[in-house]
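Q: Sequence:
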Amino acid sequence: MAKTVNTPFSEQGRPKGPIDKAMEVLEALVEPGGPHRLGDLAQRTGLTKPTVHRHLQTMAEFGFAQPLDGGRYQVGPRLLGLAAAALHDDQDLRLARPVLAELHRRTGQFAHYAVRHGDDAVHLEQSEAPPEFRMGVPPGGRTPLHLSGVGLAMLSALPPHECAEVLDALPPDACDGHPLGDAAAIRAVLQEAAEVGYAVDDGYGEPDVRSVAAPVLDRAGHVAGAVGISGLTFTLDEESVRLFGPMVRAAARAVSAGLGGRAPALGVAGRTAGQRYGERA
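Per UniProt numbering, residue 1 is the first one in the sequence shown, and the count goes up by one each step.
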């Protein structure tokens, strides 16, 4: 039996209802490159134009969307206000902001903080970027966990069964073109990260960009996020990784301590990421 038109299925296998569709429209609306045309939002969400238009009208009534000339829409003032209030009051970000500023000052690299949502790292806060480096992921943007330093750092601190669930759920083509090649190689990198306390991303998500990141844990020992630095490979070279890796690890521990958490214990077996770059664990 064919699916009902305009009723796509969610990742959980159930038909999408009105709230699911509204959330998809809202997510598409806040993506970079706005204001967005109605047709582009429909194409991005896979919904029909009438459906998208209906949701946008409701959002506009509540101030979450703002219609412009030419059939374009941008984020509304009320949504911006709610986002600003949430970011201002978020405990993680209050702790991370001064840590990122200090990390940027000490390393000269782009510092950022991300949290996990499902299989993605959501980038929430960042320092000023060096003039020669433009971050490919803006605040609010997402990257797959296995394609970013902050994502690898968070994966490395997850309980083994939870990390395995994430990696086992990767689609068959998830590692196509990935510098590591396959999930087994990703697991090896995660083991190294768990042993030394920070993960190194050698251009897995962005060519010619290297990043170093460490996990942040909350009071219950759960992964709360990750602190990282990123830069072009010629500025964040192997010697810099050896020098800055422990700084990033210490920065993540400072945020963890503020949340009442403790940093994960470092392992001792095997070749660690730090040893790969010449550091003695």
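Rather than coming from a laboratory, the hints here were simulated on the basis of the structure.
All of these numbers come straight from a predicted model, not from anything done at the bench.
One or more of the hints may lead you astray.
Said to hold, decoys possible - If you anchor each label on the Cβ, the simulated ranges turn out as follows:
{"no.": "1", "residue 1": "Pro50", "residue 2": "Gly118", "range": "27 to 33 Å"}
{"no.": "2", "residue 1": "Arg78", "residue 2": "Glu239", "range": "28 to 34 Å"}
{"no.": "3", "residue 1": "Phe62", "residue 2": "Pro138", "range": "23 to 29 Å"}
{"no.": "4", "residue 1": "Arg78", "residue 2": "Leu180", "range": "42 to 48 Å"}
Virtual Cβ for every residue (Gly too), placed ideally from N, Cα, C.
Q: Which hint numbers does the structure go against, in order from smallest to largest?
A: The structure conflicts with hint 2 only, although it agrees with all the remaining ones.
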